[in-house]
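Trainee: The chain contents come next:
There are 2 protein chains.
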Amino acid sequence: MPKKVSVGIYLDEVPDNNIQHALTDARESGFNTICTELLTKKYCLNELNGDPQNMEEPFGWFDMALPSADWNSSVVGVLSDIQEQTESHISNVRCRAAQLLEKQIGYAHHLGLPATILKLHPGESCNLSRLIYSKVTTDGGYHNNVVVWMRMPMVFSQQAVNGAVDESGQGSDEKEPISSWNTWNKFRTVGCAERRTFPVLDLPVDLPDQEEIDRWLGEPVKAIFLCEEAFVSNNKGFPILPKRTQQVLRSFFDINVQIIMICKPQKSPNDYLHFKQYIEYLHGAYNTDWEEDPVRKYTKGYEDYLQSPLQPLMDNLEANTYEVFERDPTKYILYQKAMAKALVFKIPEDEKDTKSLVVMVVGAGRGPLVRNCLAAAASVQRKIKLYAVEKNCNAVCTLLHLKKHVWGDSVTVISKDMREWNPEEKADIIVSELLGSFGDNELSPECLDGAQKFLKEDGIMIPENYTSFISPIMSPRIHQDVRPFQDINKHTNCNYETPYVVYMKNFYEIAKPKPLFVFCHPKSDVKETNDRYEAVEFDATQDCMMSGFAGYFESVLFDDIMMSIHPRSHSTGMFSWFPIYFPIREPIQIKKGQKVKVHFWRCSSKHNVWYEWSVSEPVPVPIHNVNGRSYTIGL
Amino acid sequence: MPKKVSVGIYLDEVPDNNIQHALTDARESGFNTICTELLTKKYCLNELNGDPQNMEEPFGWFDMALPSADWNSSVVGVLSDIQEQTESHISNVRCRAAQLLEKQIGYAHHLGLPATILKLHPGESCNLSRLIYSKVTTDGGYHNNVVVWMRMPMVFSQQAVNGAVDESGQGSDEKEPISSWNTWNKFRTVGCAERRTFPVLDLPVDLPDQEEIDRWLGEPVKAIFLCEEAFVSNNKGFPILPKRTQQVLRSFFDINVQIIMICKPQKSPNDYLHFKQYIEYLHGAYNTDWEEDPVRKYTKGYEDYLQSPLQPLMDNLEANTYEVFERDPTKYILYQKAMAKALVFKIPEDEKDTKSLVVMVVGAGRGPLVRNCLAAAASVQRKIKLYAVEKNCNAVCTLLHLKKHVWGDSVTVISKDMREWNPEEKADIIVSELLGSFGDNELSPECLDGAQKFLKEDGIMIPENYTSFISPIMSPRIHQDVRPFQDINKHTNCNYETPYVVYMKNFYEIAKPKPLFVFCHPKSDVKETNDRYEAVEFDATQDCMMSGFAGYFESVLFDDIMMSIHPRSHSTGMFSWFPIYFPIREPIQIKKGQKVKVHFWRCSSKHNVWYEWSVSEPVPVPIHNVNGRSYTIGL
Ligand SMILES: C[S@@+](CC[C@H](N)C(=O)[O-])C[C@H]1O[C@@H](n2cnc3c(N)ncnc32)[C@H](O)[C@@H]1O
Ligand SMILES: C[S@@+](CC[C@H](N)C(=O)[O-])C[C@H]1O[C@@H](n2cnc3c(N)ncnc32)[C@H](O)[C@@H]1O
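Chains S and U supply the protein sequences, listed in that same order. So the first sequence is numbered by the UniProt record's numbering: it starts at 1 and just counts up by one. So the second sequence is numbered by the UniProt record's numbering: it starts at 1 and just counts up by one.
These are computed hints drawn from the structure, not numbers from a lab. Heads up, some of the hints might be wrong.
What the hints assert, rightly or not - Restricting the straight-line Cα-Cα distance to at most 20 Å, the calculated cross-link-like pairs of lysine to any residue (SDA-like) are:
hint	chain 1	residue 1	chain 2	residue 2
1	S	Lys403	U	Phe62
2	S	Lys416	U	Gln53
3	U	Lys490	S	Asn489
4	S	Lys490	U	Pro484
5	U	Lys403	S	Leu66
6	U	Lys404	S	Ile19
7	U	Lys297	S	Ser68
8	S	Lys404	U	Ile19
9	U	Lys416	S	Gln53
10	S	Lys416	U	Asn54
11	S	Lys297	U	Pro67
12	U	Lys42	U	Gln53
13	U	Lys404	S	Thr40
14	U	Lys404	S	Glu57
15	U	Lys403	S	Lys403
16	S	Lys490	U	Thr492
17	S	Lys404	U	Asn18
18	U	Lys416	S	Glu57
19	S	Lys403	U	Asn54
20	S	Lys490	U	Gln486
21	U	Lys416	S	Gly106
What the hints assert, rightly or not - Facing chain S, a subset of chain U residues (Cβ under 8 Å, in silico):
hint	residue
22	Trp71
23	Asn72
24	Tyr107
25	Glu318
We put the CB at the ideal spot given by N, CA and C, even for glycine.
Extracted from the complex, chain S is given alone in its bound form:
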């Protein structure tokens, strides 16, 4: 999270054509970027009209007017608005527009600008898409250090739509403003916008409804343009933004947009000082709230960052990983409560001096649940005999140190895989924490099946059960970030057939999560399979692009003690688990009102467990990770 919001200014004209002065001016008023046209107006006009150019006349800014470091950081180049020409039926008109665009992109590349701005209008943009794709987005592309911001209002006015290049007349009966999202979606899908083309949005004075905004929050929006008219005056005469606009801006701060103030002709950056200060004040308040949130301290820097899920059964977790988990302020409190409740349930008040229980923490790690268990017993004055079972010999070393110096005889440390341990006595209560982001994905079911053999007939297991949840999501950014996980030694699309752990921010939830797989402990019959198959249906409430599925879990530890990472029941302050993300190979275009039907399997072999997933509605897609060809979890 940046400490300060970046506020830039859009200059229609650069006074005296002096860019150095313009940048200094803008900086003096606290703006850190200026947006300005890249080539001279005359050159652009001649080029579009096919008129001869004066070959003695420089066509763009004098590059030596600013040091490279300034061009690279502080100037955003505005490209000519040429969609009308690129989509023209006249070949010559298209060619000239293409030439101009190439010249501009080439000059942006020469100067090393951090970004360029190109207008996107309603209607056809397919040829424009191709131009950008071939010049900018393609991997081997010549200008592939250039970034293009596609600028459009958040919603198109009716006027804009009617006047659009598109002749289909689509939508022209309606009175309502039309979302620009569909236009953007078409543009970026045709032109594969990966990481070099981003939407930037003009905030309309009349804001669209929340759904519209939520969908935009799923897109990699890089900047919001603000004009004076968006502001109102407070009673002291200072410009402020209406409440709703403030809220909307805050939600965009969450995905790291920068703000760009549109400077009217004849005005100077200095005239916008108050606006800028107000935005900084807003962002400051946002930042303070943000920093005071205790969870944020631990999640900082992880926003939308893909990680491969841990495999604590097959691999040994490292000290550092344990250390992070152990800092969770919520999880251990919930466990301690659950354990205390279970102890009281098992030993009535009048037997507390005579009866003692055997409690086993299986998968004890470096012992936090062991400590919680001792504390729970003390808090309800119940007697227990405690075992700590752990298969990671390095964590066992920690347990032995703790036993030697802290716990003494009250705890017995067992350096064993719970599936292979055959203790002499059985347990009244088995406590474990073997959950992954998707509940069962760290093979808690298989491990606890192994432990159940040493649970007494009437014994209790904590947790009692866990349920996984999924919901379809749109997140072009997260989907794109899957690409580099390609592994040439595996199946071609293995990276799209693997789940990732991600603290998701820049995404749109297409529909609310629904439950998928349920596991209960102890099982009535331990031989019952842990394989699963479920199909779930969702309804799309607006057009969108589906990028895959977000996964969560809820777990009942004991009785009414619930632990959850489901967005609508999330245990407050808990940060031990981020959501899991199941990608699909190709994003799917979804229309408002369409049904999304998704299928999930949990499969297993002697050595592995894995998930497979597929979509059958609105369009069928091949099963992902069939036979675990791309991803398995080692038993």
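Fit chain U with the ligands to the given chain S structure using the hints.
Mentor: Chain U with the ligands only, in chain S's frame:
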């Protein structure tokens, strides 16, 4: 370049087994790392002897004694010295050693230590190599975040060699100490030491000769161990290092080693304060010299960093690239001198008021040579008519700005590829700077062939000629860094069939550079081919591993004005070109006295130019980049 040298301390024993205290102590004396055994002595002994372990006793440090951040940064774990056991003929002995090593590596992984230390002795180490390879170095390896420093003295004493595990008796007649380099070379070659296994060296009190040290400077040495005995007292009684040792240390500072002081049993870090201060003083002096070197300012951070060569003909250079070149303090002075000399040569003193010359700067970029040319003419009071020819339209924009505001009518700007320009008048002098690190590798010959048609019969070209040079080098580090340049869309080994531009530091020059290809301008017959073939022979003066070839150039600009990046004639202060590196696919083991014979071709087609290279002695290797399958330079 690190601001401060990292000085650590090697503790044979940790007092009271209190690691937290030991680290605090060390830090208080200014040491930022401690090296200490990882597992308890008892555990290691039992394991090696096959004796039963006490299962209640922790086998290693209490991980919670330090926060992860400390383990991760400040503790280096010493592994048991087990080479004798791993190379034993008794299977059980080998197995136990392997188990102990695995346990230690696993615990280092658990703690997240920055490195571990393992002793390497003369003689057989092949099974030890395999263990490290399989546990640490392999890509899919389980413990692949562990780094192993192989510790050995810079030279083995005769005693060590005789007592070695190796029974071949090799070298046992000689009196001289034996280099440990061969032992290391065998170990790392068998065990593919890539990026996780590094040599660390005990500095002997009697230093070996410079050749030996030069060879070690080609290896990725991470640390130098110093003992008290290496120091002498100055007249104030303070410890200092002998002159030669100081020099050797400085040369190792150049490849970023850290220093580790060996702390004797019964002594504490505090007893080594003076030694540490002296090392810091030495490094400070080194750093000051380093920072005062003007070239260093521009080369900082580029040490041993691989870059793909520019293609200024096919691509357009960016403003930033020109900006960096234009800062070179030497190149333009040399050019200006050469131009002044040429002008005087062409116009005798008595004709200077009547005669005027046509001078063309071809490939003018953003104009520095144009400015130099005007200055040269002014300095010798000769009249010229100046053309600036440039094919990069973005740089032409700069030239037009400069013409408009600075040069006026004295310069004519031509926005053309020199190969396609047909001027109305011919040139007396054609000036160009189209050289790459290897001289002709940016296609200066082909471009100047195109320009020669507008040179007068008696015209001069600056530069007059250029010669490429090569020398065989050893640099495991640079060779390893080629690996990530793999491109799955090209030939499998394309990354090893491509040259790189590298500011080489961590390398050993196996033999002095020798000249390869020569190009002269103007040509007597412009149709003469620019293709070349040469074979060059070198003699190896000591055993080493050849990783490829370093390339340089020398150029005569005019008369006696030379410009060079050849290490032995390098133009002072010039930083426009780093050396070029031609890798070979597999490093070749070379023995002292062997001949290295290398073959280089410069080939061309209608659209491309490329190099091919091969070795025929001491062993033949397949031709690299045949037909330009992996790398070409676009015409
Ligand atoms: C997610 S960690 C939880 C550790 C600790 N209870 C805590 O809350 O910090 C799960 C632990 O279970 C251990 N574990 C996983 N499967 C196991 C098995 N089959 N037998 C014993 N331990 C197991 C892992 O090594 C790991 O230490
Ligand atoms: C290494 S730069 C030198 C630029 C400038 N003379 C300097 O010293 O900073 C070479 C320049 O030659 C230009 N160039 C290369 N081949 C050319 C050609 N065939 N015709 C015209 N210009 C060419 C490149 O675009 C580039 O600007």
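Trainee: It remains to establish, for every hint, whether it holds in the given structure.
Mentor: Against the structure, the hints:
no.	hint	result
1	S/Lys403 to U/Phe62	12 Å, holds
2	S/Lys416 to U/Gln53	16 Å, holds
3	U/Lys490 to S/Asn489	16 Å, holds
4	S/Lys490 to U/Pro484	18 Å, holds
5	U/Lys403 to S/Leu66	18 Å, holds
6	U/Lys404 to S/Ile19	17 Å, holds
7	U/Lys297 to S/Ser68	17 Å, holds
8	S/Lys404 to U/Ile19	17 Å, holds
9	U/Lys416 to S/Gln53	16 Å, holds
10	S/Lys416 to U/Asn54	15 Å, holds
11	S/Lys297 to U/Pro67	18 Å, holds
12	U/Lys42 to U/Gln53	9 Å, holds
13	U/Lys404 to S/Thr40	15 Å, holds
14	U/Lys404 to S/Glu57	8 Å, holds
15	U/Lys403 to S/Lys403	83 Å, violated
16	S/Lys490 to U/Thr492	17 Å, holds
17	S/Lys404 to U/Asn18	15 Å, holds
18	U/Lys416 to S/Glu57	16 Å, holds
19	S/Lys403 to U/Asn54	14 Å, holds
20	S/Lys490 to U/Gln486	17 Å, holds
21	U/Lys416 to S/Gly106	17 Å, holds
22	Trp71	7 Å, holds
23	Asn72	7 Å, holds
24	Tyr107	6 Å, holds
25	Glu318	5 Å, holds
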